[in-house]
Amino acid sequence: QSSVTLFGIIDAALQRGSGSVADRTQLGSGANSSSRLGFRGVEDLGGGMSASFWLEAAVLVDTGAGGPTSTNNQPSGTPATLGGTQGLTFARRSTVSLTSSLGELRLGRDYSAHYYRYIYDPFGNNGVGASQTFLGAPTTGINRVSNQIAYHLPSNLGGIYGLVEYHLGENASNAGATKNDGNGGGVRLGWNGGPFDVSLTQARTSYASTATLGDITSTTIGARYDFSVFSVMGQYVRDKVDTAAAFTGRGGNIAGVWRVGAGEVKAMWSQYGTTAAAQPETKKLSLGYVHNLSKRTAIYGSYARVRNSGGATVALNGSITGANQSSSGVDLGIRHAF
Amino acid sequence: QSSVTLFGIIDAALQRGSGSVADRTQLGSGANSSSRLGFRGVEDLGGGMSASFWLEAAVLVDTGAGGPTSTNNQPSGTPATLGGTQGLTFARRSTVSLTSSLGELRLGRDYSAHYYRYIYDPFGNNGVGASQTFLGAPTTGINRVSNQIAYHLPSNLGGIYGLVEYHLGENASNAGATKNDGNGGGVRLGWNGGPFDVSLTQARTSYASTATLGDITSTTIGARYDFSVFSVMGQYVRDKVDTAAAFTGRGGNIAGVWRVGAGEVKAMWSQYGTTAAAQPETKKLSLGYVHNLSKRTAIYGSYARVRNSGGATVALNGSITGANQSSSGVDLGIRHAF
Amino acid sequence: QSSVTLFGIIDAALQRGSGSVADRTQLGSGANSSSRLGFRGVEDLGGGMSASFWLEAAVLVDTGAGGPTSTNNQPSGTPATLGGTQGLTFARRSTVSLTSSLGELRLGRDYSAHYYRYIYDPFGNNGVGASQTFLGAPTTGINRVSNQIAYHLPSNLGGIYGLVEYHLGENASNAGATKNDGNGGGVRLGWNGGPFDVSLTQARTSYASTATLGDITSTTIGARYDFSVFSVMGQYVRDKVDTAAAFTGRGGNIAGVWRVGAGEVKAMWSQYGTTAAAQPETKKLSLGYVHNLSKRTAIYGSYARVRNSGGATVALNGSITGANQSSSGVDLGIRHAF
Chain U
1 QSSVTLFGII
11 DAALQRGSGS
21 VADRTQLGSG
31 ANSSSRLGFR
41 GVEDLGGGMS
51 ASFWLEAAVL
61 VDTGAGGPTS
71 TNNQPSGTPA
81 TLGGTQGLTF
91 ARRSTVSLTS
101 SLGELRLGRD
111 YSAHYYRYIY
121 DPFGNNGVGA
131 SQTFLGAPTT
141 GINRVSNQIA
151 YHLPSNLGGI
161 YGLVEYHLGE
171 NASNAGATKN
181 DGNGGGVRLG
191 WNGGPFDVSL
201 TQARTSYAST
211 ATLGDITSTT
221 IGARYDFSVF
231 SVMGQYVRDK
241 VDTAAAFTGR
251 GGNIAGVWRV
261 GAGEVKAMWS
271 QYGTTAAAQP
281 ETKKLSLGYV
291 HNLSKRTAIY
301 GSYARVRNSG
311 GATVALNGSI
321 TGANQSSSGV
331 DLGIRHAF
Chain X
339 QSSVTLFGII
349 DAALQRGSGS
359 VADRTQLGSG
369 ANSSSRLGFR
379 GVEDLGGGMS
389 ASFWLEAAVL
399 VDTGAGGPTS
409 TNNQPSGTPA
419 TLGGTQGLTF
429 ARRSTVSLTS
439 SLGELRLGRD
449 YSAHYYRYIY
459 DPFGNNGVGA
469 SQTFLGAPTT
479 GINRVSNQIA
489 YHLPSNLGGI
499 YGLVEYHLGE
509 NASNAGATKN
519 DGNGGGVRLG
529 WNGGPFDVSL
539 TQARTSYAST
549 ATLGDITSTT
559 IGARYDFSVF
569 SVMGQYVRDK
579 VDTAAAFTGR
589 GGNIAGVWRV
599 GAGEVKAMWS
609 QYGTTAAAQP
619 ETKKLSLGYV
629 HNLSKRTAIY
639 GSYARVRNSG
649 GATVALNGSI
659 TGANQSSSGV
669 DLGIRHAF
Chain D
677 QSSVTLFGII
687 DAALQRGSGS
697 VADRTQLGSG
707 ANSSSRLGFR
717 GVEDLGGGMS
727 ASFWLEAAVL
737 VDTGAGGPTS
747 TNNQPSGTPA
757 TLGGTQGLTF
767 ARRSTVSLTS
777 SLGELRLGRD
787 YSAHYYRYIY
797 DPFGNNGVGA
807 SQTFLGAPTT
817 GINRVSNQIA
827 YHLPSNLGGI
837 YGLVEYHLGE
847 NASNAGATKN
857 DGNGGGVRLG
867 WNGGPFDVSL
877 TQARTSYAST
887 ATLGDITSTT
897 IGARYDFSVF
907 SVMGQYVRDK
917 VDTAAAFTGR
927 GGNIAGVWRV
937 GAGEVKAMWS
947 QYGTTAAAQP
957 ETKKLSLGYV
967 HNLSKRTAIY
977 GSYARVRNSG
987 GATVALNGSI
997 TGANQSSSGV
1007 DLGIRHAF
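Protein chains in written order, with the numbering used here: chain U, 1 to 338; chain X, 339 to 676; chain D, 677 to 1014.
What the hints contain is simulated information worked out from the structure, not anything from laboratory work.
Given the structure is predicted, the values throughout are model-derived calculations rather than measurements.
Yeah, the Cβ is synthetic: ideal placement off N, Cα and C, and Gly gets one too.
One or more of the hints may lead you astray.
Said to hold, decoys possible - With beta-carbon atoms standing in for the labels, derived distance ranges:
#1 X:A513 / U:A175: 37 to 45 Å
#2 D:L778 / X:R643: 42 to 50 Å
#3 U:G158 / D:I930: 38 to 46 Å
#4 U:S76 / X:G385: 49 to 57 Å
#5 X:P417 / U:S76: 41 to 49 Å
#6 D:S777 / X:D564: 32 to 40 Å
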C-alpha cells in the first residue's frame, strides 16, 4: 500500500436564526470550518518532480449526507436537490497533479478563481458570520468548477504566489449560442512578505445571456497584516453579471482577529449590493469567539446581524425575513479535525 | 496524519423467501450484521477530556449502493428511492463528541431512542430472523435521526448506563401545525451488573396528526442474563401512534443463545400487533446458527417463519404473502469484519 | 484496527473529439485507466483458508461525482441519470470472499462473464482508443452485475485459470414472463503458460423479449503472446441478442504493444457490427503512447479514428457524427495510482 493520507473535519453547531417572518433552530454542519472527508497523497518522482492526488468530499455531519457536484458548470449539470438521498461526491476537490520546480499542473475539480473571496474573511465563509461578499454574490454555483486545467506558481518565488485556471463547459460545438456556457477561467496573483499579504484575482465564466444567466466577471482584491497578537484584513469584490438586465454587484469586508491565550476573538463588517432594480443591499456585523481545546479541536460561538435595503431579504441560519427587514443568528458548536 | 480508524463489516447472504403469493431468491446484504464502512477517531485533550468523531455508512454489498439519510426526520427529508443510483451517506452515524468524566456530548446523526429495541434480539434486527418488534414497528423512519443533540452517561457509574437525546425537525417557526414535525427526544437508562443487564427506554417524535402521520411514543423494556454457555433475553415494546385513527402497537420477544465451541445457536419467539382496525398481528419463530471461522469472520444460516392474523401480510426475504397467510425464509451467508 | 488497504487510481485527460455534426473538448476521467477509490483486506483464517473483502468505487475525477450501480441487473434497477448529484457507490466491485486451496467463493457485485472482452485490449477498454468490441456491444449494462455468486479456480493449477458465476435478477416468482429478467451466468476458462495466454468465455443474461430487451448470449475468445519487448494480442466476440427483432453482433480486435525504455507504444485495429437492419458496423484504428514517470504515475496520449457504415453513428470523445460518417479523437492525460 502506498502512503495515502486520510483527513477531514467534523464540525457541528446548534444554530438559531431570527427573522421578521420566521425563526428557525437547527443543528448545522461546518459553522466554523466545512465538514469534510478526504484522501490525498504525494509521490516523489525524483529530479524535483512529484505526482499527487486529492479527493475531498463534503459531509453534512447533522444528517450524514454528502453534497452534489456539477458535471458542466451549468445549471443542467446539477439536477434537483436530493435531500437525504444525496450521496458523497468529491465535489470540494478531485484532482491529479504533476509538480516540479516550475510549478504545478492540476487537472480536475477545484476552486474557480471566482472563489478566492474567502481568503480575507476570518470566518472563512462558514457559519452565521460568513462575509456578505460571499453569501450575497452571484457566483455560488461556480465557486468550485469541474473540468478544470490549472497552473499554480511554485512556492520558491520570494513570496509571490498565484495561478491561472481554465474550466470547460464541455458543450458540443453545434450548441449554438450556448456552446460556450460554463467555459471560463481566471488569474490570481499575490505577494506574501512576512506579516503582509496582498492579492488580486480576476475570473470570468461565460453563459449566453438570458433572464437568469449571463457572463459573470469577478474581481477580488484583498490584503492582511499580522501584528503580534492581532491581524487586520479586508477585501473588495466586484461581480459584473451580463443577464438580459445586466447588473453589477459590489461588496467588501474589513475584519480583525485578536488571539487571547487559547482563544481567538473575531469581528467583521461586510456588505454587498447590486445595481439591479431597487439596488438591493445587505450590511452585516459578525462577531465570533473560538476556544481551542487542542490544535485539532475547538468550541466556538458566533453572532451576526444583517440589515437589508432595496428589497433585499437576506436572512440568517434558516430564518425568513421580509424585504428590508433585519435578521440575526447565533452558532454554538464543536469543530474537530483529523 | 492523525489516527483514523477505518472499519467495516461486509456481510452477504443467499436468501430465499416463500409466501402464499410469490417466492423470491436474492443475494442480500447484512443478514447477520449490517454491511458498513466507517471512519472514526479519538483525540486525547488532556485533563480526562477527549474529542472524537464517527462516520459510518451503510453499504449494500450485493449491489455496492449506499443507503439514504433524512435531512429533517420527516417524510419530506428523504425523496423517492434512488435504487442503484443511491450513493454512500453516513446515515448510520455521523457525529462529533466531547467526552469527560461527566459524560459525552454528541452532536449529529445517530440512533434515536426509538431504536433501542434492537439490543435484546440475538439476531440484532438483521436478516430473516430479526425480531418482529423491530420489523413490524411504525418507527422505521426514525430509528436513526438527524440533527440530534445527545448526552450519554459516563462509563464509571457502577454499571449504570444511559442517555438523553433530542432531535430537531428544523422547521421554520411559521410552519403552523407542522412546525414541530420531526422534533423529538428520548431517555434511556440501564444497569449492567455482571451477568445481568436491564434497561428502559422512552422515546417520542412529533408529527401533526394526519391519516398517515402522528406523534409516535415508544416504550421499550428489556433484560438479559448470561449463564456460562447460554444467555436468555427478552423485551417488551409499546408504540403509541397518534394518526387521525390513533392506534397502539405492542410486541415482545424472548430468546436464547447457546455457545457450542466455535458456534452459536440462536432461537427466538417474537410478535407484534396493533390496535388498528382488524387488529393485525404477526408471530414469528427464528432459528439461527453462526459458525465463527475467526474473531472477524463467520458463516451462518438462519430460518424463520411468520404467521399473520388480523389482515397482516408480513412476508420474509422479499416473498409476498396474502392476508393472514404464513411466510418463511432462509439465509445462508458470510460475515467479515475489518 | 485491522489491515485495510486503501487504493485507487486518479486519471484525468484533456479530450478532443471531432465528428461530422459537432466537435467537443472536455476534461475526461480514466482515459488510460478508470479512476477509482477502493478499500480491500484479507484475513488469514489458518489451514490455508482466508477471508477477504473488496469495495471499489468509480470516481469521475473531472467532476468528483461517483457512478451508479444496478439493484437488479435490469433497466429498472438504475433510475435516471443523476449528473452532478450522483454519489459514490461501490459499483465497480463490492464483494466478500472465502478462499482455500480449492478456490474462491465470492459473493456480491463484480464483473459478469460478459465483460471479459477487456482483457485483450491494450487500451483496457479505456479512453478514446478502447476496442470497438467493447464500446459497440449490447452488454454495457451488464458488464458488471449485482447479486452475483461466483466460484474462481485456485491459482495452483499449472497456469489454468477460470471462474463460474451466477447472477440474480431477484424478481418475485409471480412476475410472469419477466420473472427471470436479470438472471444470468457464465463460465470462463483460460491457460497462461509463460509468454502465451488464451481464454474462452461464455455468458448469458435473460430478459423477456421486447423491442429493446431480450436474452443476451456472449462468447469471447482471446489470446496474447509476449515477446521480449513487444506483445501481440487479439480477440473475437459474438453477442446474440433475442429482442423481438433478434440480431447478432460480431467483432474483434488485433493489437500490438511495444515497450521502448520507460515508454509503451500501442496500436490496435478493432471492429464491431451487427445483423440488425442495414447491418451497422464500425471500424476503428487506435494508437497510443504511455510514458511511465514511475511505477505508479504516467503521462499518455492516444489517437483514434472510427469509420461507420450501415447507418452506424459511433463518435469519439463526445463528438457527434452523422450516419456512415467518420469521427476521430485525441486524449492527453495523467494517470496516478496509489
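Do the hints match the structure? See the list:
1. X:A513 / U:A175: 37 to 45 Å: Cβ of A513 of chain X to Cβ of A175 of chain U: about 42 Å, so the range 37 to 45 Å holds.
2. D:L778 / X:R643: 42 to 50 Å: violated (34 Å)
3. U:G158 / D:I930: 38 to 46 Å: violated (56 Å)
4. U:S76 / X:G385: 49 to 57 Å: With a Cβ separation near 54 Å, S76 of chain U and G385 of chain X satisfy 49 to 57 Å, so the hint holds.
5. X:P417 / U:S76: 41 to 49 Å: violated (19 Å)
6. D:S777 / X:D564: 32 to 40 Å: holds (39 Å)
Checked against the numbered hints given earlier, this structure breaks hints 2, 3 and 5; the rest are met.
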